[in-house]
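K.L.:
With chain A's structure known, arrange chain B on it following the hints.
Chains as they are written, first to last, in my numbering: chain A, 1 to 108; chain B, 1 to 407.
Certain hints may be false.
[What the hints assert, rightly or not] Listed below are several chain B residues computed to face chain A (Cβ distance under 8 Å; list not exhaustive):
no.	residue
1	211
2	356
3	357
[Stated by the list, open to error] Anything over 10 Å on all C-beta distances counts as not near chain B; from chain A, calculated:
no.	residue
4	32
5	33
6	79
7	84
8	89
9	103
These aren't lab readings, by the way, just hints derived from the structure by calculation. Note that beta-carbon positions come from the ideal geometry of N, C-alpha and C, so glycine has one too.
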Amino acid sequence: MITPLESAGASGWLGTEAGSILLVFVVGLAATLIIVGLYALGIRFFAVGAPDVRVPDGDDPEGPTAVVAPRETPRPLPATMAGLVCFAGVAAAVVYGIYLVIPLFHGK
Amino acid sequence: MSPGQPTRFRYHPSIGVAVDLTVLVPVLLVVALSIFFDFTNGFHDTANAMATSVATGALNPKVAVLISAILNLVGAFLSTAVAKTVSEGILAQNDQGLPQITVPMIFAGLMGAVVWNLLTWWLGLPSSSTHALFGGLIGAAVIGVGVQAVEWGGVLSKIVLPALLSPFIAGIVALAATYLVYRVTKMATVAGSSTAFRHGQTVSASLVSLAHGTNDAQKTMGVITLTLIVAGFQEAGTGPQLWVILSAGLAIALGTYLGGWRIMRTVGKRITDVKPPQGFAAETSAASTILISSTLGFPLSTTQVTSGAVIGSGLGKRLASVHWNVVTRIAFAWVVTLPAAAVVGGGAAWAASSGIAGLVVVLVGGLAVCVGLFLLARRRPVSAENVNDEAVDADRIGQRQTEGERA
Chain A
1 MITPLESAGA SGWLGTEAGS ILLVFVVGLA ATLIIVGLYA LGIRFFAVGA PDVRVPDGDD
61 PEGPTAVVAP RETPRPLPAT MAGLVCFAGV AAAVVYGIYL VIPLFHGK
Chain B
1 MSPGQPTRFR YHPSIGVAVD LTVLVPVLLV VALSIFFDFT NGFHDTANAM ATSVATGALN
61 PKVAVLISAI LNLVGAFLST AVAKTVSEGI LAQNDQGLPQ ITVPMIFAGL MGAVVWNLLT
121 WWLGLPSSST HALFGGLIGA AVIGVGVQAV EWGGVLSKIV LPALLSPFIA GIVALAATYL
181 VYRVTKMATV AGSSTAFRHG QTVSASLVSL AHGTNDAQKT MGVITLTLIV AGFQEAGTGP
241 QLWVILSAGL AIALGTYLGG WRIMRTVGKR ITDVKPPQGF AAETSAASTI LISSTLGFPL
301 STTQVTSGAV IGSGLGKRLA SVHWNVVTRI AFAWVVTLPA AAVVGGGAAW AASSGIAGLV
361 VVLVGGLAVC VGLFLLARRR PVSAENVNDE AVDADRIGQR QTEGERA
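Same shape as in the complex, but just chain A (with noise of 0.2 Å):
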C-alpha cells in the first residue's frame, strides 16, 4: 500500500522534494512495468494456438503487408486460466487506481 508523505515543511524542502521525486519515479516504473507486463503477457496466454501476425520486419502489423492466419488449434484450459490470472491482476491494479483517485474511499 502506498502512504501518503508528510508534506515538506519550509526547511530543508529540496532534499524532501528530491526524496519524493524519486519515489514517484521508482514507485511508477515499478507499477507500470508490473501492469503493463501482466497484460502483456495475459494477451499471450489467449494467443496460445493461434498463429503470429506476419509481417515483414519493423513493418506496421495492421498495415497493408500483414497476413493473418485463422486459429489452428483450441486455446488449452491451462493457458485460459494462466491469461485470466494475468487479466485479474491488471484489473485489480484499475479498482486500486479508482479507489485512489476517489478521496472518500480514504477518507481524505
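P.N.:
Just chain B, lined up with the frame of chain A:
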C-alpha cells in the same frame, strides 16, 4: 484580513443586503471569468487523456470526448480537498490564512491564464492550464501587491521543479513500458494484441480523465471560493459552495466535450504516430505516474506527464521516430507558460488596479484577444473529422514544421 484593507470588505451575512457595487461587480466578473477559464481548461486538456486513444482508433473521437467529459464531471464532485488549498504555498498568506490579493487582481490573473490557454490552443501546444492559472495569479500579485506577495520557494518546489522533472519521469516509465510490451507481444504480432491494447488503453485513458477532473475542476472552485472569501461573501476556511462545484464541473465537462482537437492532433499524431501498443503503454504510464504522484503528496501536471509519456512511447518502439522539432516547440511552450501568463496577468493587474474603468479595459481587451484567436482558429479548423488526418495543418507555424519534418 490585513488592517490596511478597506472596511467594505467586511463579511456580509447574506448577499441580499445592500452590497457595494464596486465589490459586487468585480466578484461577478471573476466568477464568470473563472468559469470561462475552467471551460478553456477542459478544452485544452482533453488531449491529455484522449489524444492517443483517438490516434490509435481505440475510440471514435466523439465517443472519446464524451467519455472524458462525463468522467471530468464526475471527478469534479468526488473531492473538494484541492479547492481549499488552491493558492497555498504559492501566494504568501496573512495571519488569517488568506493570500494578500484583491478581487481585481484575481480577475487580472485569470485573464492572463485564459489568454495564454487560448493562444497555446490555437498553436496546438499542450501546455499546462495549471501553470497558466498560477502564472497569471503570480503576475497579478507581484504587480498589485509586490514581490513579497509570492512565496518564491513554493513556486520553485511546487511548480518549477515538478515541471522540469515530470516529462522525464513519465518519459522513462513509458519508454520502459513500451519496450516491455513490444518484447512480450513480439512487436505486437501476437494474435489479437492490437485489439487488446486498444481496450487496455481505453481503461487507462479513462482513469487519467477521472484524475484530471478531481484535480483541475478543483482549481477553478478554489479561485471562486477564494474570491468570495476575500470579498467577504463567504467565511474564511470554508469549502466551495454547491453552485460553485456544479458550475465548475459543468464548465470543465463542456470544454472537454467540445474538445481541443488542435492539441489532440499534436499529441496523438505529430509528436510520434502512436500505435496501439504505444498508446496502451503511454496511457498506463501516465495514469500510474499521476495517481502515484498525487498519492505521495507530490502531484505532477497531467499535461506534462502525458506528453512526456507519448515521447517515451515513441522512443521505446524500435525504429519509431519522435519529431523533435514538435517536442522542442512543446518544451518551449512549457517553459514560457508561467512567465507569459504572469506578464499578461501583471499587465492586466496594473490596468485593473485603477478601478472599474480599468477593469472594463481589461475585460474588453481580453475578450477581444479571445474572439480574435477563435476567429483565427476557424481559418484552419481541426475537428473530430480531421483530427487524425496528417494532411491538414493547424496553423502557419505548423506548416513550416511539417516541411521541416519531410526534409
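K.L.:
If a hint holds in the structure, say so; if it doesn't, say that too.
P.N.:
Comparing the hints with the structure gives:
Against a cut-off of 8 Å between C-beta atoms, the interface hint on residue 211 (chain B) holds, since the closest Cβ of chain A lies about 5 Å away. A hinted interface residue such as residue 356 (chain B) counts as satisfied when its beta carbon comes closer than 8 Å to some beta carbon of chain A; here the least separation is about 39 Å, so the hint is violated. A least Cβ separation of about 40 Å between residue 357 (chain B) and chain A goes past the 8 Å threshold, and the interface hint is therefore violated. At the 10 Å boundary, the C-beta of residue 32 (chain A) falls inside the reach of chain B, the nearest C-beta of that chain being 5 Å off.
For residue 33 (chain A), the non-interface assignment is contradicted: its Cβ lies about 6 Å from the closest Cβ of chain B, within the 10 Å cut-off. Look at residue 79 (chain A): its CB is around 12 Å from the nearest CB on chain B, clear of 10 Å, so calling it non-interface holds up. With 10 Å as the threshold on Cβ separation, the claim that residue 84 (chain A) sits away from chain B holds: the shortest Cβ distance comes to roughly 13 Å. Consistency note on residue 89 (chain A): stated as away from chain B, and its beta-carbon is indeed over 10 Å from all of that chain's, at 13 Å minimum.
Against the 10 Å criterion, residue 103 (chain A) falls within the reach of chain B, whose nearest CB is about 4 Å from its own CB.
In this structure, the earlier hints numbered 2, 3, 4, 5, 9 are contradicted, and the remaining ones agree with it.
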